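What follows is the residue order along each chain.
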Amino acid sequence: MSPSSDERGAELRQIFFESAQELLQSLNEEALKLEKHPGDGEAVRNIRRVVHTLKGDAAACGFRELSELAHELEDALALEAASSHSALAEMAFVAADTFGNMLSAYRNKKSLPPTESLRRMVKELAGSAGSGKRRRKASGEATAAVVWTEYEQLAVQNAFSQGKQVYQIGARIDPQCLMPIAARQLLLNALSGVGEVLGVRPDAASRAERKRLDLLLASDAPVEQVTARCRIPTVISQVKVAPVKGGAKPAKKAASRPEPRKEIEAPVRLAEKGAVPTPSTAENDGSETAQASAAVADNILRVDAERIDNVLNLVGELIIGKSMLQQALNEFARRHPKEALRGRFTDAMAFQARVLNDLQRSVMKIRMVPVEQLFRRFPRMVRDVARQCGKEVELVISGQDTDLDKSILDAIAEPLTHLVRNAVSHGIEDAYERKRQGKAARGSLHLNAYHQGNQVIVEVSDDGRGIDAQKVKAKAIEQGLLTREEAVRMSETEALEFIFRPGFSTADEITEISGRGVGMDIVQSVLQRLKGRVEIDTHSGRGTTFRLKLPLTLAIIKALLFRVEHRLYAISLNTVAEIARAKESDLHQVDNYEVLQIRNQVLPLVRLGRAPGAEAPAAGKIFVLVMAMGERRLGLIVDALVGEEELVIKALDDQSVATDLVSGASILGDGRVVLILNITAINERYGKSRPSEAGSVASGLLLSQGERTSMPQRSTEVPQ
Amino acid sequence: MNRDVHIVGFQVGRETYGVPITSLHEIVRVPEITAVPDAAEYMEGVINLRGKIVSVIDLRKRFGEKKVTPGKRNRILVVEHKGRLSGLIVDSATEVLKIPAADIEASPTAFAEGGLNCVTGLGKYKGRLIVLLDTARLLEFSGLKRKEETGEGAGQRGPAAEARGASAGK
Chain L
1 MSPSSDERGA ELRQIFFESA QELLQSLNEE ALKLEKHPGD GEAVRNIRRV
51 VHTLKGDAAA CGFRELSELA HELEDALALE AASSHSALAE MAFVAADTFG
101 NMLSAYRNKK SLPPTESLRR MVKELAGSAG SGKRRRKASG EATAAVVWTE
151 YEQLAVQNAF SQGKQVYQIG ARIDPQCLMP IAARQLLLNA LSGVGEVLGV
201 RPDAASRAER KRLDLLLASD APVEQVTARC RIPTVISQVK VAPVKGGAKP
251 AKKAASRPEP RKEIEAPVRL AEKGAVPTPS TAENDGSETA QASAAVADNI
301 LRVDAERIDN VLNLVGELII GKSMLQQALN EFARRHPKEA LRGRFTDAMA
351 FQARVLNDLQ RSVMKIRMVP VEQLFRRFPR MVRDVARQCG KEVELVISGQ
401 DTDLDKSILD AIAEPLTHLV RNAVSHGIED AYERKRQGKA ARGSLHLNAY
451 HQGNQVIVEV SDDGRGIDAQ KVKAKAIEQG LLTREEAVRM SETEALEFIF
501 RPGFSTADEI TEISGRGVGM DIVQSVLQRL KGRVEIDTHS GRGTTFRLKL
551 PLTLAIIKAL LFRVEHRLYA ISLNTVAEIA RAKESDLHQV DNYEVLQIRN
601 QVLPLVRLGR APGAEAPAAG KIFVLVMAMG ERRLGLIVDA LVGEEELVIK
651 ALDDQSVATD LVSGASILGD GRVVLILNIT AINERYGKSR PSEAGSVASG
701 LLLSQGERTS MPQRSTEVPQ
Chain Z
1001 MNRDVHIVGF QVGRETYGVP ITSLHEIVRV PEITAVPDAA EYMEGVINLR
1051 GKIVSVIDLR KRFGEKKVTP GKRNRILVVE HKGRLSGLIV DSATEVLKIP
1101 AADIEASPTA FAEGGLNCVT GLGKYKGRLI VLLDTARLLE FSGLKRKEET
1151 GEGAGQRGPA AEARGASAGK
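Heads up: the protein sequence lines correspond to chains L and Z, in order. Under our numbering, think of the first position of the first sequence as 1, with each following residue one higher. Under our numbering, think of the first position of the second sequence as 1001, with each following residue one higher.
Derived by calculation from the structure, the hints in this document are not laboratory data. In this text, all values refer to a predicted model and were calculated from it rather than measured experimentally. Using N, Cα and C, we set each Cβ at its ideal position, and we do this for glycine too. It is possible that part of the hints are untrue.
Stated by the list, open to error - In the DSS-like style, the derived pairs of lysine-lysine whose C-alpha atoms are separated by at most 27 Å in a straight line are:
# : chain 1 : residue 1 : chain 2 : residue 2
1 : Z       : K1052     : L       : K322
2 : L       : K558      : L       : K650
3 : Z       : K1052     : L       : K558
4 : L       : K650      : Z       : K1052
5 : L       : K549      : L       : K650
6 : Z       : K1052     : Z       : K1098
Stated by the list, open to error - Sample of chain Z residues with no beta-carbon within 12 Å of chain L, all distances over it, derived:
#  : residue
7  : G1013
8  : E1032
9  : K1052
10 : V1096
11 : L1097
12 : N1117
To be verified - Beyond 12 Å from chain Z on every Cβ pair, some chain L residues (computed):
#  : residue
13 : M121
14 : R302
15 : E317
16 : L341
17 : A350
18 : A386
19 : E497
20 : K621
21 : T659
22 : D660
23 : R685
Model the full structure from these sequences, guided by the hints.
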């Protein structure tokens, strides 16, 4: 191929890798279906279709090994007896894994992984379906042998475009010839003198009978000369050379297989639509799917996520621009209250705001993908893990149409994997145990997703043994994370939080699948990064539900702006449960915490700024933001509220200013930078700083180090 | 060969420092700065530089001045370091100096021993001595310093120590 096609080739391969992942996914799905309903003809047909598409695509990208393996598999699947074979599902799983390994090897340009296990299974399948095979063999000895791969067809098209003739040569090796391998080489040598050999069947590596060789030759020489070349005494007993037609046809993939002419004894199968109908349904199915997928591909655009992010960034800048305009307009209105132009400005602003809103929503929608993309990988995983643990688990999936931001979806893949693995290996009991408890032997695992307000909820629930809060407490005491007194006071919900601690595990033994301790820590940290939350709902003996609460998007949040020490901060509005006003004199001190009583509930408080000195009036009004974090509530004392605004989040990833207290920054309409606080970190910090001496309270969280040391005496004395 | 080195001179306290003009992104007036909690004392905060959020170090505090009074002539030198913009607040930045390469001396070894390895040399310009700085090292040094400070144990000995402990724990 010409050097200019290199770039296109790379692009093609990239597309292939992506589509191949989807193909493998559906291969897994069909295999699961087949495992459930052995002998499901539809599933077998689908598997065959997938393998066929994979074969064709791989060949088009020049991945010969993959294409050939898929070809072998496809052939084996085409046998009628195969569809009822019990090991077929297993083979499909192995095939999916093998193909996956090969793909990643291609992608990383590494050496190919071993494929023996799949080949062996294919052979077994072909062998056990022996009778059917023989029947087909009788119908045409070399039917299966002379199918040229798409790769070779491409070469044929190239040869045509170079103005060469292409011959299909069928050579019978003299039965007296002792070394068929040498015969093959001799023939190849002879032919290389007159032209270029494009393809040979059977392959050098294959152990198939070597009585017969089929070749594709591109050459300028006439038929007679080629035939003469092939006549090698005592080696080749019989030669048939036929020119392949099709030079005039456009080089379309899978469109023109070399058409066999007169003397060829075994007809080459045609994949071309409208060509001679062939007994093989696999080929027809294949071309139909190819057409169907081509039709779908017309309406679907594969776009680099980065480009969409770029657009989203620009939309973000526009939103900042909008609030700049709005502020300028407000200023204008203030200065010229009688100006008639104001109305027109306001109209234009309102129009712009509306369009901008739509624009933002449309761009966000581009980034939204159904959660199914993530869920579909779990059936296979649940099956494998359940098998490893010797359990029976049924996976129920619902809400897979729920849309979720792509980056969030990618981020929760890992935590969800841990949760599912945990549920299967720890949550669900083995069949014996379940029967003893009067449950169905088969455990059930439910994956669900739905929208709730401004959030997306993803649930993993099992009907297993549940998490024993007492056991968690005991472990926590054992590991020194908790004192006995604290444990007694601690609610079950709070106790369950311990399972998210790194290194914490209630499992008595660590298994290959999950040692716990790490997995849940990942769940927690990912959810924190996403500004989401994880909730546990567990009932002893009846099962556990993990509820991941995720924001719809990461890029824009509704935020509440407030001031602390004359500085502006923002906090995500959906963590704010309510805003309370209080007087300094309403605050009480319990256990060195400042608390506020709201509707008979005691709310622990954190001062974000300095604690007022003794001279501050005790009657001073304060605002308390009540934050809800699952069961826990925490009040933040702030100096003043500023308002509510949509903020476009910019990462504050500069190492020198990075702090866990701040989850990001945003630029306001007037150009000021506002920091977005991370409520989880504040909560943690609050938990860590436990002043134990009377009179001291947690405060000054938002000050820089320098300011803290120069703080008034009262609040600096945070003792041991 | 008598090549001139183009240096942007700026004042911090009474001294004149210089950085190569090529290492500067731009010089801006000091806008409103948003303070960042937990930050080191010389870390002034972040500013909005035409839609980008840029962290700002106060070089005067960085160089150990106790009292810093904001003035009209104060400027922020915006430098690029490892693909990221950072700002350095200086008392004033006014002149571009052309110093012949021959008039630049290597920095005294005592500087490096004292941990002042961000000084690359001393330039002589019209009888004045100009301390030449390497902005990259200056910024790295600042980051390192902060890490050292925050690296110590997670004690609860006071608000500052508490802050350190928490940020070391992340």
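Against the structure, the hints come out as follows:
no.: 1; hint: Z/K1052 / L/K322; result: 17 Å, holds
no.: 2; hint: L/K558 / L/K650; result: 14 Å, holds
no.: 3; hint: Z/K1052 / L/K558; result: 21 Å, holds
no.: 4; hint: L/K650 / Z/K1052; result: 9 Å, holds
no.: 5; hint: L/K549 / L/K650; result: 22 Å, holds
no.: 6; hint: Z/K1052 / Z/K1098; result: 32 Å, violated
no.: 7; hint: G1013; result: 18 Å, holds
no.: 8; hint: E1032; result: 6 Å, violated
no.: 9; hint: K1052; result: 8 Å, violated
no.: 10; hint: V1096; result: 27 Å, holds
no.: 11; hint: L1097; result: 28 Å, holds
no.: 12; hint: N1117; result: 18 Å, holds
no.: 13; hint: M121; result: 49 Å, holds
no.: 14; hint: R302; result: 29 Å, holds
no.: 15; hint: E317; result: 6 Å, violated
no.: 16; hint: L341; result: 29 Å, holds
no.: 17; hint: A350; result: 25 Å, holds
no.: 18; hint: A386; result: 37 Å, holds
no.: 19; hint: E497; result: 17 Å, holds
no.: 20; hint: K621; result: 24 Å, holds
no.: 21; hint: T659; result: 4 Å, violated
no.: 22; hint: D660; result: 5 Å, violated
no.: 23; hint: R685; result: 5 Å, violated
Violated hints for the displayed structure, listed by number in ascending order: 6, 8, 9, 15, 21, 22 and 23.
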